[in-house]
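Based on these hints, arrange chain B on the given structure of chain A.
If you read the sequences in order, they're chains A and B.
Under the working numbering, the first residue of the first sequence carries the number 1, and numbering increases by one thereafter.
Under the working numbering, the first residue of the second sequence carries the number 1, and numbering increases by one thereafter.
If you are wondering where the hints come from, they were derived from the structure by calculation, not from laboratory data.
Just so you know, not all the hints are guaranteed correct.
[Stated by the list, open to error] Restricting the straight-line Cα-Cα distance to at most 20 Å, the calculated cross-link-like pairs of lysine to any residue (SDA-like) are:
(1) B:K133 - A:E148
(2) B:K48 - A:E45
(3) B:K35 - A:N157
(4) B:K138 - A:R330
(5) B:K133 - A:K22
(6) A:K22 - B:E229
(7) B:K35 - A:E148
Number of protein chains: 2
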Amino acid sequence: MKRTVPLSAGNGGEENNELIRKVFYKAFKNDILLKSEDAAVLDLEASKIAMSTDSFTVTPLFFPGGDIGKLAVCGTCNDIAMMGAKPKYLTVGFIIEEGFDLRELEKIARSMKKELELNGAAVVSGDTKVMPKGTIDKLIINTSGIGELEYEGISSNNISQEDTILVSRDIGAHGATIFTAREGIELQSNLQSDCNSLYPTVKALIDAGIKITALRDATRGGVSAVLNEWAKQSDICIEVEEESIPVSPEVFGVCEMLGFEPTMLANEGTFCLAIKNEDASRALEILKQFNQNATIIGKVTNTHKQRVILNSSYGTKRFLDTPTGELLPRIC
Amino acid sequence: MKRTVPLSAGNGGEENNELIRKVFYKAFKNDILLKSEDAAVLDLEASKIAMSTDSFTVTPLFFPGGDIGKLAVCGTCNDIAMMGAKPKYLTVGFIIEEGFDLRELEKIARSMKKELELNGAAVVSGDTKVMPKGTIDKLIINTSGIGELEYEGISSNNISQEDTILVSRDIGAHGATIFTAREGIELQSNLQSDCNSLYPTVKALIDAGIKITALRDATRGGVSAVLNEWAKQSDICIEVEEESIPVSPEVFGVCEMLGFEPTMLANEGTFCLAIKNEDASRALEILKQFNQNATIIGKVTNTHKQRVILNSSYGTKRFLDTPTGELLPRIC
Numbered sequence: 001m002k003r004t005v006p007l008s009a010g011n012g013g014e015e016n017n018e019l020i021r022k023v024f025y026k027a028f029k030n031d032i033l034l035k036s037e038d039a040a041v042l043d044l045e046a047s048k049i050a051m052s053t054d055s056f057t058v059t060p061l062f063f064p065g066g067d068i069g070k071l072a073v074c075g076t077c078n079d080i081a082m083m084g085a086k087p088k089y090l091t092v093g094f095i096i097e098e099g100f101d102l103r104e105l106e107k108i109a110r111s112m113k114k115e116l117e118l119n120g121a122a123v124v125s126g127d128t129k130v131m132p133k134g135t136i137d138k139l140i141i142n143t144s145g146i147g148e149l150e151y152e153g154i155s156s157n158n159i160s161q162e163d164t165i166l167v168s169r170d171i172g173a174h175g176a177t178i179f180t181a182r183e184g185i186e187l188q189s190n191l192q193s194d195c196n197s198l199y200p201t202v203k204a205l206i207d208a209g210i211k212i213t214a215l216r217d218a219t220r221g222g223v224s225a226v227l228n229e230w231a232k233q234s235d236i237c238i239e240v241e242e243e244s245i246p247v248s249p250e251v252f253g254v255c256e257m258l259g260f261e262p263t264m265l266a267n268e269g270t271f272c273l274a275i276k277n278e279d280a281s282r283a284l285e286i287l288k289q290f291n292q293n294a295t296i297i298g299k300v301t302n303t304h305k306q307r308v309i310l311n312s313s314y315g316t317k318r319f320l321d322t323p324t325g326e327l328l329p330r331i332c
Numbered sequence: 001m002k003r004t005v006p007l008s009a010g011n012g013g014e015e016n017n018e019l020i021r022k023v024f025y026k027a028f029k030n031d032i033l034l035k036s037e038d039a040a041v042l043d044l045e046a047s048k049i050a051m052s053t054d055s056f057t058v059t060p061l062f063f064p065g066g067d068i069g070k071l072a073v074c075g076t077c078n079d080i081a082m083m084g085a086k087p088k089y090l091t092v093g094f095i096i097e098e099g100f101d102l103r104e105l106e107k108i109a110r111s112m113k114k115e116l117e118l119n120g121a122a123v124v125s126g127d128t129k130v131m132p133k134g135t136i137d138k139l140i141i142n143t144s145g146i147g148e149l150e151y152e153g154i155s156s157n158n159i160s161q162e163d164t165i166l167v168s169r170d171i172g173a174h175g176a177t178i179f180t181a182r183e184g185i186e187l188q189s190n191l192q193s194d195c196n197s198l199y200p201t202v203k204a205l206i207d208a209g210i211k212i213t214a215l216r217d218a219t220r221g222g223v224s225a226v227l228n229e230w231a232k233q234s235d236i237c238i239e240v241e242e243e244s245i246p247v248s249p250e251v252f253g254v255c256e257m258l259g260f261e262p263t264m265l266a267n268e269g270t271f272c273l274a275i276k277n278e279d280a281s282r283a284l285e286i287l288k289q290f291n292q293n294a295t296i297i298g299k300v301t302n303t304h305k306q307r308v309i310l311n312s313s314y315g316t317k318r319f320l321d322t323p324t325g326e327l328l329p330r331i332c
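In isolation and in its complexed conformation, chain A is listed as follows:
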């Protein structure tokens, strides 16, 4: 018989406790969580921390390269890592539709556990709500977290002509994967989401003494959203060599077929970097240890402030704009 989550598992009473013990404590077990207090009490070593939150609503819940659980841990840990901090303590809020398959929930919790370990992070507080059938589509996970700063001064507001722009790997894999999975398009390819924890890569850059100005993972809105935000926030022009932007043949194929721009596709384990010019090639070497497709894609100029310019190999130029319209909903 298929075991499912009953509505009563969100009641704050006996059934609620049972779900928490059997599924979530099993995966996330640690001394702080087991105290079952209203809030976790934590000791911090650093006085500077990074704090972030994200809610995840991806459909399908399981996709090549990951699932909503992996995504939920990577998403918040990556946001923390992008500020030069080590992800340390996470909270998790599950919002579950009545009747959700308990085995799938356990599988998702196990994915989260695995990804938490990669980050050296722990879930210290959680919340479970169960909503009546039909009032929510399957499952939403919110993760929030804090990390201790290991590198100070990273900011999207300080990028200048002293910086070089890099990307950590080929782009658009998450968006292309979700789209093809959702539409039931069978591809004879190895296309899978880039969903991945970025803290190890960031730590390698910090340990090597690389001068980092800004980091940002290119999630919803893709690389084009990140570069446009940077151009606006730092009041600069970013010029990108279109040919240098790494796109895998699989993602390129999906884009050709469906009329997408790779730069507007979501990523979940790919980040943009603004690195001091003198350290750019050393940073690239380090990035390549994690992914061979890491590339220097552009530079900062004052040609058109607050805009991003794509230079083609034919010598033409066009603006790369912030994505508008509906793009792909429920992607992360």
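Okay, now just chain B, sitting in the frame of chain A:
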């Protein structure tokens, strides 16, 4: 024309930025948030913090005494206050159904702003997702937060016969209010939710030097869930004088009519306290400055370990059990 939230407002692009700027930044504006980084970078004065999370799915969204926004700020700030900490930094995740009324969203954001000010807390990071119409019922808000510890050692695992059990006001108002609002029952009464920020009350207890063993707000599952958790966690018996439990005539009326137990109804601004015996009457005086209905309701014994006993005025005894079954879904 009714302005609504379009699906494109969750795209990570232009429309997403517009919603964030116009609605959320307007309400939550502060220097940290305006930096628009992947994560907020925060300076902490204390090395010990409390951290908690909660997701809110109440229906109806607006009810006598509050709305989902007030609830979302109170809920997480109260969990933090219950550990003897001052709520300081919050993250907010909005999950919005496509087509949601923008004016209602603005009203909710304003409620949050007001309640944040009462706590002296700030929203430092946020996330907005918009889900296609029909895949979520209106709106879910997740809040997570951290606070700096002002009183150390509060724990539900250390309650003993040296402690007296108190409740901060009359119980069950939130549950009774939501139920009558939902069922369209028109009551000729002043019944309204107890939804409220508890940090000011906790601070008054701390400032007066009261010896606090445990605090817990009696949300889902009500006072009966809290007392049963305490009895189990501290391996004690809690004996409560049934007559001493404060219940307003309005809540009593709803319970009589619908067959509810007041002790199982949810609260959103009512907490249980375990206070060292010698400080109990002094604590009561302080609680009464905030609500005249604060009461000493019971004591700790070793009659039946891990159980809660209700003593009636007729000399009979019965167990007060942890609530089971569906209770009232989507209450907070």
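These are the hints, each one checked on the structure:
Under the criterion of a C-alpha separation no larger than 20 Å, the hint pairing K133 (chain B) with E148 (chain A) is inconsistent with the structure, at around 39 Å. For the proposed pair K48 (chain B) and E45 (chain A), the alpha carbon gap of about 9 Å is at most 20 Å, so the pair holds. A hinted pair counts as satisfied when its Cα atoms are at most 20 Å apart, and K35 (chain B) with N157 (chain A) qualifies at roughly 7 Å. Note on K138 (chain B) and R330 (chain A): the hinted pairing holds, with a Cα-Cα distance of about 16 Å set against a maximum of 20 Å.
About 33 Å separates the Cα atoms of K133 (chain B) and K22 (chain A), which puts this hinted pair outside 20 Å; it is violated. Simply put, K22 (chain A) and E229 (chain B) have alpha-carbon atoms about 17 Å apart, close enough for the 20 Å limit, and the pair holds. Taken as a hint, the K35 (chain B) and E148 (chain A) pair is honoured in the structure, with Cα atoms around 19 Å apart against an allowance of 20 Å.
In the structure shown, a violation is registered for the earlier hints numbered 1 and 5, in ascending order.
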